[in-house]
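As given, the protein sequences belong to chains F and L, one line each in that order. According to this note's numbering, the first sequence is numbered sequentially starting from 1. According to this note's numbering, the second sequence is numbered sequentially starting from 1.
Read the hints as simulated data drawn from the structure, not as lab findings. Bear in mind that the values here come from a model prediction, so they are computed numbers and not experimental data. Check before you lean on any hint, since a few could be wrong.
To be verified - Simulated DEER-style distance windows between Cβ atoms:
1. P238(L) to E7(F): 34 to 44 Å
2. D11(F) to K188(L): 25 to 35 Å
3. K74(F) to A56(L): 56 to 66 Å
4. P238(L) to D51(F): 22 to 32 Å
From the three backbone atoms N, C-alpha and C, an ideal C-beta is built for every residue, glycine too.
Each chain, written out:
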Amino acid sequence: MSDSLVEAIVDLQEEKAVRIAKERLDAEEDPLKILEDARRGMATVGKRFADREYFLPELIYSGEILKRISEISKTRLLRTSQLKRLGKCVIGTVAGDIHDIGKDIVVFMLDIHGFEVHDLGVDVPAEKFVQKIQETKAEIVGLSGFLTLAFESMKEVIQAISDAGLRGKVKIMIGGGQIDEKVREYTKADAYGTDAMSAVTLAKKWVGPK
Amino acid sequence: MSEGKSPEQLYKEREKRIWDAIQLKVPDRVPVHLGLGYFPAKYNGITCEAAYYDHAKWRWASRKTILDFEPDFYRAVIGNTSGLALEALGTKLMKWPGHGVPPNHSHQAIEGEFMKENEYDALLSDLSDFVIRTYLPRVFSTLAPFEKLPRFTSFLGTSTATLIGQLATPDFTEAFDILLKAADEASKWRFATSSFDDEMANLGFPCHSLANASAPFDVISDFLRGMRGAMIDMYRRPDKLIQACEMLLSRQIEAVSVAASRGSSGRVFKPLHRGADGFMSLKQFETFYWPTLKKLILALVEKGLTPCPFFEGDYTTRLEHLRELPRGKVLCHFDSTDMSRVKEVLGDHLCIMGNVPSSLLQIGTIQEVKGYCKNLIDAAGKDGGFIMTHRSSIDEANPANIKAMIDFTKEYGIYN
Numbered sequence: 001m002s003d004s005l006v007e008a009i010v011d012l013q014e015e016k017a018v019r020i021a022k023e024r025l026d027a028e029e030d031p032l033k034i035l036e037d038a039r040r041g042m043a044t045v046g047k048r049f050a051d052r053e054y055f056l057p058e059l060i061y062s063g064e065i066l067k068r069i070s071e072i073s074k075t076r077l078l079r080t081s082q083l084k085r086l087g088k089c090v091i092g093t094v095a096g097d098i099h100d101i102g103k104d105i106v107v108f109m110l111d112i113h114g115f116e117v118h119d120l121g122v123d124v125p126a127e128k129f130v131q132k133i134q135e136t137k138a139e140i141v142g143l144s145g146f147l148t149l150a151f152e153s154m155k156e157v158i159q160a161i162s163d164a165g166l167r168g169k170v171k172i173m174i175g176g177g178q179i180d181e182k183v184r185e186y187t188k189a190d191a192y193g194t195d196a197m198s199a200v201t202l203a204k205k206w207v208g209p210k
Numbered sequence: 001m002s003e004g005k006s007p008e009q010l011y012k013e014r015e016k017r018i019w020d021a022i023q024l025k026v027p028d029r030v031p032v033h034l035g036l037g038y039f040p041a042k043y044n045g046i047t048c049e050a051a052y053y054d055h056a057k058w059r060w061a062s063r064k065t066i067l068d069f070e071p072d073f074y075r076a077v078i079g080n081t082s083g084l085a086l087e088a089l090g091t092k093l094m095k096w097p098g099h100g101v102p103p104n105h106s107h108q109a110i111e112g113e114f115m116k117e118n119e120y121d122a123l124l125s126d127l128s129d130f131v132i133r134t135y136l137p138r139v140f141s142t143l144a145p146f147e148k149l150p151r152f153t154s155f156l157g158t159s160t161a162t163l164i165g166q167l168a169t170p171d172f173t174e175a176f177d178i179l180l181k182a183a184d185e186a187s188k189w190r191f192a193t194s195s196f197d198d199e200m201a202n203l204g205f206p207c208h209s210l211a212n213a214s215a216p217f218d219v220i221s222d223f224l225r226g227m228r229g230a231m232i233d234m235y236r237r238p239d240k241l242i243q244a245c246e247m248l249l250s251r252q253i254e255a256v257s258v259a260a261s262r263g264s265s266g267r268v269f270k271p272l273h274r275g276a277d278g279f280m281s282l283k284q285f286e287t288f289y290w291p292t293l294k295k296l297i298l299a300l301v302e303k304g305l306t307p308c309p310f311f312e313g314d315y316t317t318r319l320e321h322l323r324e325l326p327r328g329k330v331l332c333h334f335d336s337t338d339m340s341r342v343k344e345v346l347g348d349h350l351c352i353m354g355n356v357p358s359s360l361l362q363i364g365t366i367q368e369v370k371g372y373c374k375n376l377i378d379a380a381g382k383d384g385g386f387i388m389t390h391r392s393s394i395d396e397a398n399p400a401n402i403k404a405m406i407d408f409t410k411e412y413g414i415y416n
């Protein structure tokens, strides 16, 4: 039963997945176990995305399926549980840029790989990054940007992090369609990535299981 | 290099160079293209805001940039739209310099689910009705009252006089007043900017293209369902999605033919958004994106036009499909696809254009730019069929690097 829910999610069979979840809830099963299976399914979706078997439509659609299952499960959820997280990340698209596709994929991938992600959204000013790092004590910062003006904004965020005395406490990655080693050097980030899986690899390298 | 020649001679020379490359003949040298974007702002010390609010200043800056850098052809952000007209309409589709984004930043598109998932049938059965009574009220706040309009098919016969009375309400009066104001602003703007390409032609510089077209899938993804919605539709209602692409294809063909017939170059710009490798699988590309894009390109070629798609992102796995397009009739601009690979697959079939990275043009050295251009010409320029240009935007580029890209190509790109 538990495997079939995982499978239905992995194979993107929306109605089947929802039906199984409902049946299990009706059988008085602990909603947390159902959500845990859904999460396992999502992890496989994420792996297939990293392996280029799945693409954006699959990520988005599986997210929709998960949302439906979460909604019906939450109504029966009696206790909340805190998932064990690998590390904390603060992520956002930098000031002046409102593109969110790349950032959202990275957030999704980090989340299913066990990181606690604080998503600041788009067009995020430098001080908001600093504030959030202080508040959450995050170890990882991800700066996203699609426009070329984002290079300058990224540099400013990293400068602001340094000015706040936090540079030694965080690792910073940058990413986006036009980002390369040249931009990393210019912004003084620790690393850059051009796909979501490289964000996960970097994050795990930095704070993951030793 | 241009000394002693009249602008008319130079224009002809440049057009011949471009057409030779497109038709896979070997030109005198590698042509070089410059997509101005908002670069004229930075270069001339003005803000991007002028592109929407001060056509005289923007026109001056665009002209000066072209004259100073002397590319073989250019694409300008001019006559885009009047900022005042956009403001009057209350558009929700974009933010532009001075309105939603700072005056010195480029415009940015806003995707939304402006068509709901259950509205495909309405779109398919009567596009005009859907656009007027459903879509416009959602994307332009000023036109919100249009949702209360009667169906236009009701306006038949003498009952029209009765129906028209429904428009005598304060919200319609206000909407029509604002619409007239927007129309006035848009028309003034258009009048003041439309002759820019003619002016540049008289100065010896051809423009890249005179009309725009989009892949039908992108129309749905950019303007109707949003990328998220369009991608969910691939799973929940794939047949409707394909039907809508087919229907929009026929509208695109009509619209582009009219626009392109106004100009002489016959080149049609086609920025492509969601068909790239990272966005959808090859199978999804073959199912939802490529069929109607291909038909659109073929239809334009059939009409004697030259489609110029910009393959934004990476198209490595799709390159073989481009061989299905007619030889020497399409100009393909690549963004991050590796040009050696592109040359290998398409070199004997289609003219390819690309792709100096924006990062290099912005923060690299002149030597690095020249080195990159040299490798590009060596790899992709062999035996013609290649045009030098940048990847995507040069908005923030260092002018010295743009100059290096253009001048080096003119010097090193000569064919013997």
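Against the structure, the hints come out as follows:
For P238(L) paired with E7(F), a C-beta distance near 22 Å fails the hint of 34 to 44 Å. Taking the beta carbon of each, D11(F) and K188(L) are about 57 Å apart, not inside 25 to 35 Å as hinted. Evaluation of the 56 to 66 Å hint for K74(F) and A56(L) yields a pass: the beta carbon distance comes to about 59 Å. In this structure the supplied range 22 to 32 Å holds for P238(L) paired with D51(F), their Cβ-Cβ distance being about 24 Å.
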